[in-house]
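**Q** Sequence:
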Amino acid sequence: MEPEYIRDYVMYTAIFGMFSFVWFGWAQENPRENWRKYIGVASGIALLVCLIGVYLSVTHWDAATTLSKKNTFNNYLIVFYTEFLIAGLGAFSLIRSKKKDYVAPWIAFIVGVHFFWLVNIFKDPSLYLLAVLMIAIAVISPWGSKKLGVASSAITGIGSGIVLFCFAILGLMRYLLA
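Here my numbering is used: the first residue of the sequence shown is 2, the next is one more, and so on.
Check each hint, because a few of them may be wrong.
Now the in silico label distances, taken between C-beta atoms and shown as ranges [claimed, not checked]:
#, residue 1, residue 2, range
1, A179, L52, 15 to 25 Å
2, K148, N72, 38 to 48 Å
3, N72, A179, 43 to 53 Å
4, L90, V133, 37 to 47 Å
5, N31, F85, 24 to 34 Å
6, L86, L178, 30 to 40 Å
7, G150, F85, 27 to 37 Å
8, K99, G41, 22 to 32 Å
9, I141, I96, 17 to 27 Å
No lab work stands behind these hints: they were computed from the structure. Since we're looking at a predicted model, the values are computed, not measured. Ideal placement from N, C-alpha and C gives every residue a C-beta, glycine not left out.
Input sequences plus hints: build the corresponding full structure.
**A** Shown next, in the form of C-alpha cells:
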C-alpha cells in the first residue's frame, strides 16, 4: 500500500478489529468450556482495537484513501457484494443440506478468496498472506474440530479471529510508522 494512504491503515485497524471481534464471537458457538473465557478476552481486546481504529478513522477522515481513485471504490463494491452473495448462497445451501457445521469454514474460505481480489484494489501485497491464512483456516477447521470435539465454528472463529486481529495490529503499526 502506498504510504500516503494512512486512512486505509486506520481503516484496516477498525475493520479487521471488528471482524476479529465477530469471528471470536462466532467461536463461542460450541468451544470447549475452558476456552470460553480466553475467547471472551480475545473478543474484548479485538473490540478495543476496533474502536481505536474507528477513532483514528474519524479523525483522519479527510486523509487520502486508495478508494478515492477513479473506479477503485466501484471495484471494491463489486468484490464486496459478490463475496457477500456467494457466501450467503453457499451458507444457505449448506444449512438446507443439513451441513451447518461447514458454514463457518465456508464463510472463512470466501473471505480468504476475496482478499486476493483486494490486493489490486489496495495495492497491498500483505493481503496475499491474509488470503492464504484465511483459506488454510477454512480448510483445516473441519478436521481440527472433529479431532478436538468442538464445532467447526470454534476452530474457524479462533483462527480467523487471531489472523484478523494480527492484521488489525499491522494496520495500526503501519499508521504509527507512516
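**Q** Are the hints correct? Go through all of them and say.
**A** Against the structure, the hints come out as follows:
The hint said 15 to 25 Å for the Cβ distance between A179 and L52, and at roughly 20 Å that hint holds. Range check, K148 to N72: about 46 Å between beta-carbon atoms, so the 38 to 48 Å window is met. At about 25 Å, the beta-carbon gap between N72 and A179 misses the expected band of 43 to 53 Å. Separation of L90 from V133 is about 24 Å and departs from the stated range, judged on CB atoms against 37 to 47 Å.
The given range of 24 to 34 Å is respected by N31 and F85, whose C-beta atoms sit roughly 25 Å from each other. A beta carbon spacing of about 37 Å between L86 and L178 agrees with the range 30 to 40 Å that was offered as a hint. Against the hinted window of 27 to 37 Å, the Cβ-Cβ separation of G150 and F85 comes to about 32 Å, which satisfies the hint. For K99 paired with G41, a C-beta distance near 30 Å keeps the hint of 22 to 32 Å intact.
At about 22 Å, the beta-carbon gap between I141 and I96 stays in the expected band of 17 to 27 Å.
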